[in-house]
Amino acid sequence: ETGVTQSPTHLIKTRGQQVTLRCSSQSGHNTVSWYQQALGQGPQFIFQYYREEENGRGNFPPRFSGLQFPNYSSELNVNALELDDSALYLCASSPGGQLPTDTQYFGPGTRLTVL
Amino acid sequence: DAKTTQPTSMDCAEGRAANLPCNHSTISGNEYVYWYRQIHSQGPQYIIHGLKNNETNEMASLIITEDRKSSTLILPHATLRDTAVYYCIVRVATGNQFYFGTGTSLTVIP
Chain B
580 ETGVTQSPTH LIKTRGQQVT LRCSSQSGHN TVSWYQQALG QGPQFIFQYY REEENGRGNF
640 PPRFSGLQFP NYSSELNVNA LELDDSALYL CASSPGGQLP TDTQYFGPGT RLTVL
Chain S
631 DAKTTQPTSM DCAEGRAANL PCNHSTISGN EYVYWYRQIH SQGPQYIIHG LKNNETNEMA
691 SLIITEDRKS STLILPHATL RDTAVYYCIV RVATGNQFYF GTGTSLTVIP
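If you read the sequences in order, they're chains B and S.
In this text, residue positions in the first sequence follow the working numbering: the first is 580, and each later residue adds one.
In this text, residue positions in the second sequence follow the working numbering: the first is 631, and each later residue adds one.
Isolated chain B, as found in the complex (with noise of 0.2 Å):
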């Protein structure tokens, strides 16, 4: 069983710039959910997906973009990259998207630097 894969493992873009930033879902699961965490906080959720709908989000502005695709793999897109998006972007898929007790399973994350 293969767990939860992001890439790219590190990103440097320049601001104003625009970055997408993809997961694959352990296999059997149907939902993720994206996070932020910038150095030295907890990770801030951002938006989720089950069955390719967004099915929630959090306090981000819209230039947080996402996207599932039929395999329930996922894009993250930020447009207009600022200095303070520079973070670690972790996905986390889970096996069944509504119930109470669904596991989150994280993958190893996308380092973003913004210069």
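These are calculated hints, taken from the structure and not from any lab test.
What you were told as hints is all true, and nothing was included just to trick you.
So the derived list for chain S, only partly shown, Cβ under 7 Å to chain B, looks like this:
(1) G673
(2) P674
(3) Y676
(4) Q727
(5) F730
(6) G731
(7) T732
(8) G733
Predicted model, so just to flag it, every value in this text is computed and none were measured.
Cβ atoms here follow ideal geometry from the backbone N, Cα and C, with glycine treated the same way.
Given the coordinates of chain B, assemble chain S onto it according to the supplied hints.
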């Protein structure tokens, strides 16, 4: 969302039990308590979760008070590899979103 309060940091001697407390006084009756840990700059790792009964797995034990306002994660025999930030999370009942706090930084001392 129910908030959690955890100590910022703790130390534990190698081989001893590590007891990590968490307060969640506003938890609702159908909200679960989850624990994750994060070793430096890696993705968070699931440890255990529970509703109201005590739970145990191969990694840890979770003790939830009868009023459910607090819980304790117990690592029975801490090793150096248990050094990490431990997050206590109350899982919202109506969705699948996790809201992390700043966690407890546990250092296991040789």
